[in-house]
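Chain by chain, the residues:
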Amino acid sequence: MSVSAEQLAQDLRGIVGEDYVFADVFERMVYADTELPYDVEEGDLPDVVVQPADAQEISKILKYANEKKVPVTTYGSGTSLIFGTKVKHRGISLSTERLDYLRIDEDHQWFECGAGVKNGRLIKELGKLGYFLPIQTQAGSSFGGSVSVNTLGHLTDNVFARPVNNILGLEVVLPTGEIIETGSRCLRRAAGWDLAHIFIGAEGVLGVITKVRMILYPMPETADAVAFFKTTEEIGHAIALMYKNKLPLPMDGEFVGEKACKVGYEAFGLDFPEGAMAITRSMGRTKEEALRDASELVEFFKSVGATESFVLEDAEVKEKVWAVRENAMHWGEEKGLKGFQAIEVNPTLPQLPEAIAELKNITQGRKGLIGQTEAYLYGHVGSDSLHCLFVFPYDWSTEKMKQVVDEIWNLEKELQLKYDGVGGDWGWLPHRVPLFREKYGEVSYEIIKKMKRLFDPNNILNRGNIEGEV
Amino acid sequence: MKEEHVEENVEKELHDALVSCEKCHFCNLVCPIVDSRVTQGPFGINRAIYYGLKWNQFNDTLRDLVYSCTTCNKCVAMCKKVSRGLPLVEVFEKARELLLVEKAKGPMPEQAGVLKNMHVRGNPWGNPPHERTKWAEGLDVKFASQDNKVDILYFVGCASSYDAQGQKIAKNLAKIFKRAEVNFGILENETCSGHEARRMGEIDLFEYLSEANIGMFEEAGVCDIVTGDPHGFYSFSQEYPRMGNELRVRHYSQFLNDLMDEGKLKLSSKVNKKVTYHDPCYLGRHSEVFEEPRKLIQRIPGVTLVEMENSRADSDCCGMGGGRMWMEPPKGLVSSQAIAEKRVQQALATGAEIVLTACPFCNITLNDAVKSLEKEDSITVMDITELISMSL
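The listed protein sequences correspond, in order, to chains F and A.
Going by this note's numbering, the letters in the first sequence line up with residues 1 to 470, in that order.
Going by this note's numbering, the letters in the second sequence line up with residues 1001 to 1392, in that order.
Looking at chain F on its own, in the form it has when it is part of the complex (with noise of 0.2 Å):
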């Protein structure tokens, strides 16, 4: 970096103006932290926080860090769970924040918004005119974010589509500083090349997704069923014959492991049959579709062991089964365990059973700083991506945490090449790395690189995470 941390933010302030530029250290300490369980460092800290209002103020301000070399981190929301918006050689720290345009058109049936609007709040609007986000990911997630990573989130990929393809166009800043449109206005989408595809799940190394226009989805009516079994193995089960008896696949397909749900029916008090619980959502054009499909899969869930199964028509009954799913944060907590890090699986149909019987018992016999973890099943079973939440005390040191984080990861890659998962909820880079190097080799891995070279060939742009650093 040729140039000192005073004259960034002065220089800066010269392109998006004095109210726009943050170099106070609780300002920048803010932006750098992650939700990894360990604290921020010093080092961690990017020497100074930038809030463009445009992709012309984005252009000027990655022409000006080509030439002073000085790194740039792109920042949407801060809540990645593969780390790809933490800072790691300081710099620039580029929020996406003020890029909160809304653009709903129902004449032209797609939607056009800045990258720095929340998930909530599309959501909403979309809501109000009667149109679902096919993104169903944690509300304050930034659309830029999602969109960048490729993901839908706990939505079902064979009943949604991922957004690269329900996205329409793209404007994008090169790292470079060019800014490019790709994409179409009009419904039909481009066979052969599509520039936009290049973007969406490059997870932001190729230039900062600026705008998106995707279409709209009218909203579905949808209906709840849940689903309890003696053991979580016949969740998996009762899921992959799901699939393969042609069932009319749930939206949305959750489920809890039996020591999770323990936790949850006492927590709330619930007098729910033992073991784990399927929780599906089922969408159709009219109430009586959703019903129909939902009561479908209940009789499914009954004919394959379940040993309750009902649709789930009472409002405060639906809510208490909820609940329990989305207490995940408390567990842990009854026994005194704050600290946590979540893995994620995604085994291809016919491990499922096999996958969730050796996540079941994870930490039990392991040596190393996860056999003093607590671990507790869940996940979105119906899209085939289970979750494993380590916790384990809060109090330990900086280094300790970074350990067992280290130990959960490289669990996390050796069971992800023996079931043969991908990034399916949350991406590869950085943390994903050396999982995408051994799954698929030095030549693809190459080609990544290759590719970031020829957009980006002063490694401007959120660098470390290629190269796997955390």
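These are calculated hints, taken from the structure and not from any lab test.
Think of the CB as a built atom: it goes at the ideal place given N, C-alpha and C, for glycine as much as any other residue.
Fair warning: there could be bad hints in the mix.
[Stated by the list, open to error] Stretch-level coverage of chain A by chain F, calculated; a stretch enters the list once three of its residues show a Cβ under 8 Å from a Cβ in chain F:
(1) 1024-1032
(2) 1039-1047
(3) 1052-1065
The hints should help you fit chain A onto chain F, whose structure is shown.
Showing chain A alone in chain F's frame:
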């Protein structure tokens, strides 16, 4: 930056409360002071306090963030729902106490004189104490005392005692009590409830004022208090030292419903108005009084009540709580006027002619917002008591 061992009790308390933040950012989603920067909301404030303690750094940026919270409690409800239920507002108030008492960093510069006024003159504006009961002149309102026993002590509160708009609430309430033949009185030397002093981190002043009020309650022999000030209501019912089981505190929305249930208060004149109701934070979310004000409104003949997009536990803040009535947030932080204007926009979207509230602070703030939006022709802000007195 040097890592410090957190040894002090308050600091340890804050550290232990914040260390388990899951960093999901859900709290920011519902916070009225978040505009476009993650630092602005409860997530940013909580992280700033956490690292301020860890790195032993207490500067003006930290102070500005900590004092920017309106204490509306929406983040606490959200955290309880989706995460670990951090008592964020309590933590922020504790941090204000730490900044004010230990670090000589609080309160906000404009609030220092306000706290002094509360101490010396018993009200935040520094108005003469002898003018506190001036609003009651000519209304034949008793001063409660051992010699002048009352069934109900009406605790007026500072805003309804001194502010012209707030005084309307006191006058209307006195009129309603008289119509229902309630044997009520006020304190001759009523002083500030201290609620806002506590919000600003001045815990000693809060204790001093609470003791003064409790002393006067005891001296007058009152055990049944009714107030129109949700801030005082919250402090009396949840923060004042316990006075045995004898003290009963009600907001007027509860008391007037009781009077109507007992047949002591009847509303006869029709008020053909479409109204909406703004839940004050300290009456709604903090004290969970959501239904009584609505029931009261619906008892007024001719009134049609419509709800705003965010209501009851999900209601938005007016922007003036938590000591913000007496400060203008520094550049880069959301102004109270902007928060109030957003709320008025929600009220306008309902098509209501009147936005009702049950708090003098909200009344003042929303009124100002209607004026700044130049919407005086479209909507009027009123306290529920005003509409009731129209229907007597």
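Okay, the hints, checked on the actual structure:
For the segment 1024-1032 of chain A, the proposed coverage by chain F is satisfied: 5 residues have a C-beta within less than 8 Å of a C-beta in that chain, meeting the threshold of three. Closer than 8 Å: that is the beta-carbon criterion, and the segment 1039-1047 of chain A has 4 residues meeting it against chain F, so the requirement of 3 holds. Evaluation of the coverage hint for the segment 1052-1065 of chain A: fulfilled, as 8 residues show C-beta separations to chain F shorter than 8 Å, against a requirement of three.
No hint from the list above goes unmet by this structure.
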